[in-house]
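K.L.:
Listed in order, the protein sequences are those of chains A and B. By the count of numbering that gives the first Met the number 0, the first sequence reaches residue 337 at its end, each step adding exactly one. By the count of numbering that gives the first Met the number 0, the second sequence reaches residue 337 at its end, each step adding exactly one.
Heads up, some of the hints might be wrong.
One copy or two, either will do: identical chains are not told apart, so a pair holds if it fits within one copy or between any two.
What the hints assert, rightly or not - Pairs of lysine to aspartate or glutamate residues, derived as EDC-like cross-links and limited to a Cα-Cα distance of at most 20 Å, are as follows:
| no. | residue 1 | residue 2 |
| --- | --- | --- |
| 1 | 109 | 174 |
| 2 | 248 | 174 |
| 3 | 203 | 174 |
| 4 | 203 | 138 |
| 5 | 58 | 101 |
| 6 | 203 | 279 |
| 7 | 181 | 43 |
| 8 | 269 | 246 |
| 9 | 167 | 264 |
The hints are simulated quantities; they were obtained by calculation from the structure and are not laboratory data.
Protein chains: 2
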Amino acid sequence: MGVVVNLEGGKRENASIEALIGLTRADMGRVNELILSKAGSDVEMIPEVANHLISSGGKRLRPMLTLAAAQMFGYQGDGHVKLATSVEFMHTATLLHDDVVDESDLRRGKRTARMIWGNQASVLVGDFLLGQAFRMMVEVGSLDALDILSTAASIIAEGEVMQLGVAKNLETTEDDYLAVIKAKTAALFSAAAEVGPIVAGASKTDRAALRSYGVNLGLAFQLIDDALDYGGDSKNLGKNVGDDFREGKVTLPVILSYRRGSAEEREFWKAAIENDHTDDESLDRARGLMTKHGAIGDTIGRARHFGEIARDALAPLKQTPQKQAMLDVIDFCISRVS
Amino acid sequence: MGVVVNLEGGKRENASIEALIGLTRADMGRVNELILSKAGSDVEMIPEVANHLISSGGKRLRPMLTLAAAQMFGYQGDGHVKLATSVEFMHTATLLHDDVVDESDLRRGKRTARMIWGNQASVLVGDFLLGQAFRMMVEVGSLDALDILSTAASIIAEGEVMQLGVAKNLETTEDDYLAVIKAKTAALFSAAAEVGPIVAGASKTDRAALRSYGVNLGLAFQLIDDALDYGGDSKNLGKNVGDDFREGKVTLPVILSYRRGSAEEREFWKAAIENDHTDDESLDRARGLMTKHGAIGDTIGRARHFGEIARDALAPLKQTPQKQAMLDVIDFCISRVS
Chain A
0 MGVVVNLEGG KRENASIEAL IGLTRADMGR VNELILSKAG SDVEMIPEVA NHLISSGGKR
60 LRPMLTLAAA QMFGYQGDGH VKLATSVEFM HTATLLHDDV VDESDLRRGK RTARMIWGNQ
120 ASVLVGDFLL GQAFRMMVEV GSLDALDILS TAASIIAEGE VMQLGVAKNL ETTEDDYLAV
180 IKAKTAALFS AAAEVGPIVA GASKTDRAAL RSYGVNLGLA FQLIDDALDY GGDSKNLGKN
240 VGDDFREGKV TLPVILSYRR GSAEEREFWK AAIENDHTDD ESLDRARGLM TKHGAIGDTI
300 GRARHFGEIA RDALAPLKQT PQKQAMLDVI DFCISRVS
Chain B
0 MGVVVNLEGG KRENASIEAL IGLTRADMGR VNELILSKAG SDVEMIPEVA NHLISSGGKR
60 LRPMLTLAAA QMFGYQGDGH VKLATSVEFM HTATLLHDDV VDESDLRRGK RTARMIWGNQ
120 ASVLVGDFLL GQAFRMMVEV GSLDALDILS TAASIIAEGE VMQLGVAKNL ETTEDDYLAV
180 IKAKTAALFS AAAEVGPIVA GASKTDRAAL RSYGVNLGLA FQLIDDALDY GGDSKNLGKN
240 VGDDFREGKV TLPVILSYRR GSAEEREFWK AAIENDHTDD ESLDRARGLM TKHGAIGDTI
300 GRARHFGEIA RDALAPLKQT PQKQAMLDVI DFCISRVS
């Protein structure tokens, strides 16, 4: 879309997650070992399905956040590695169930587990990974961390059910949509960030700072994802432009375009989203209408708004390499659309 | 089948769960309130789906076991109510996911949630209930109880995946099958019984006794269920004779009949189980072959074997009304086929 991201005011150019990757490299090595070991089972299909998804090339942003957030408060034990692995398993379980719920054929350009092993295995291996995630949390022994992560598990499922309700519903308001992505996406970012200070025994204030950072980063992340689907460079995302459109997903760029559109334009959106008229010509028209109404730019603007809140959430904390790396993540998420 | 159950040696005639129901009545009132409150959500579909299944008339045997097992050791708090509710939610979540995995249309004579609200809602509301179950466990604050129940959650899912592997596979051995039902069914009975002494602060020996009682009761329960499907009075079970057969399930009566059968009989079983020749005439033949080979009687014999182990597991414990009620449950489970 040629959207230029303005990295003003002390923010780094060339925002990247390299600093985060560097700081968490050693710990992530242990997370990856734990993933392989805890996804193991004598029941052959379980590691097959789990490893298919686990090895499919996600960035592992969520567990890195947990690790960095624990390091930031001087944590020395190994509980953060288990919690980070739990977070990644919760995420993986959600993806397995999502693919069944959405009837998706592809994820990150690879066939989904349900296409290879069936819906049955996807549901059940998701359940297994969730069980394993809770077992690891129990091993860490922090009731506060268990509270945060089990609450997130409920909220994520609630968010997914809410999403069923807004699916193909063009009357969804921006507020409705934000409530969905807050539950569905941001809740896990928030929990991933908050269990870092928890395991490190940091203060309530520090916990609140990381929680606020996480939820707002999650919102920004999801909104940029939504924008990318209509205008980004597909190499950045591992999915093709227009995937959301072809699935009839009502995301913020669609909501804004629909609400700002003429009666005739709304008919177009109804035909597209409600009646699956989503061929390439329709996608082109959709992108044209989004440009006309500034819907992509404003979606990015909303993302930047949440990014700013995430930034201010960390502002009172002592300057550490971890803090800087987590600030870089905000810019990285937003600069994906540049 | 006219199978006469021999209640010898100090066991009660007219075995029933009335004593268990009586002892847990007050606590179960609180469990039922908690079920309604924790299945609540602002997301409308969640309580609808959850209450459909929750109100569909199960006996709630598992939560009653948790309550009685806590009472048995003099527990005075309210943690057992939360743990019992968690156990019931775990069970409900499993049923919701099972119905999706098995593509079932009916459960206990009612349409399944997936037939009314779709597979999507069944998967996600199951996830929500599982999250809520963990939140309640965390509220209780016992890491030992969390350990037992989260481990059970993993094992149950593993058992379900194992079951996919043995589905329609007539070469399944009795050992393979026992491993499946131990994971799929008995693990939750075992956990339900063990968290009672845990929350009551009982000894390791007492925990082990209740754990052993639970796992063996669960095995007996499942095997009797398998036998009932081919010969019981359908009023006892809320399902029709032949349901397992029509779904091509390989249960112990089938395994025994197949292994003991002639080459020609094995062809019949292959046609029935592998190729869905499961009309009423085939069901009659299946039942005839089971009688010929003593497969139902021997399945009940195996159940009685596990029932005896469950009985001996409780033997060293002080005689209390709760202990007697739990012994009655063993006889009740087995006498369902009489």
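K.L.:
Does each hint hold? Answer for all of them.
P.N.:
Here is how each hint holds up against the structure:
1. 109 x 174: neither (33 Å within a copy, 37 Å between copies)
2. 248 x 174: within (16 Å within a copy, 47 Å between copies)
3. 203 x 174: neither (29 Å within a copy, 52 Å between copies)
4. 203 x 138: between (23 Å within a copy, 19 Å between copies)
5. 58 x 101: neither (22 Å within a copy, 34 Å between copies)
6. 203 x 279: neither (51 Å within a copy, 66 Å between copies)
7. 181 x 43: between (36 Å within a copy, 18 Å between copies)
8. 269 x 246: Answer is within; shortest intra-copy Cα gap is 13 Å, inter-copy 41 Å.
9. 167 x 264: Intra 16 Å, inter 53 Å, cutoff 20 Å: intra-copy only.
Hint check: violations occur at hints 1, 3, 5 and 6; the rest are consistent with the structure.
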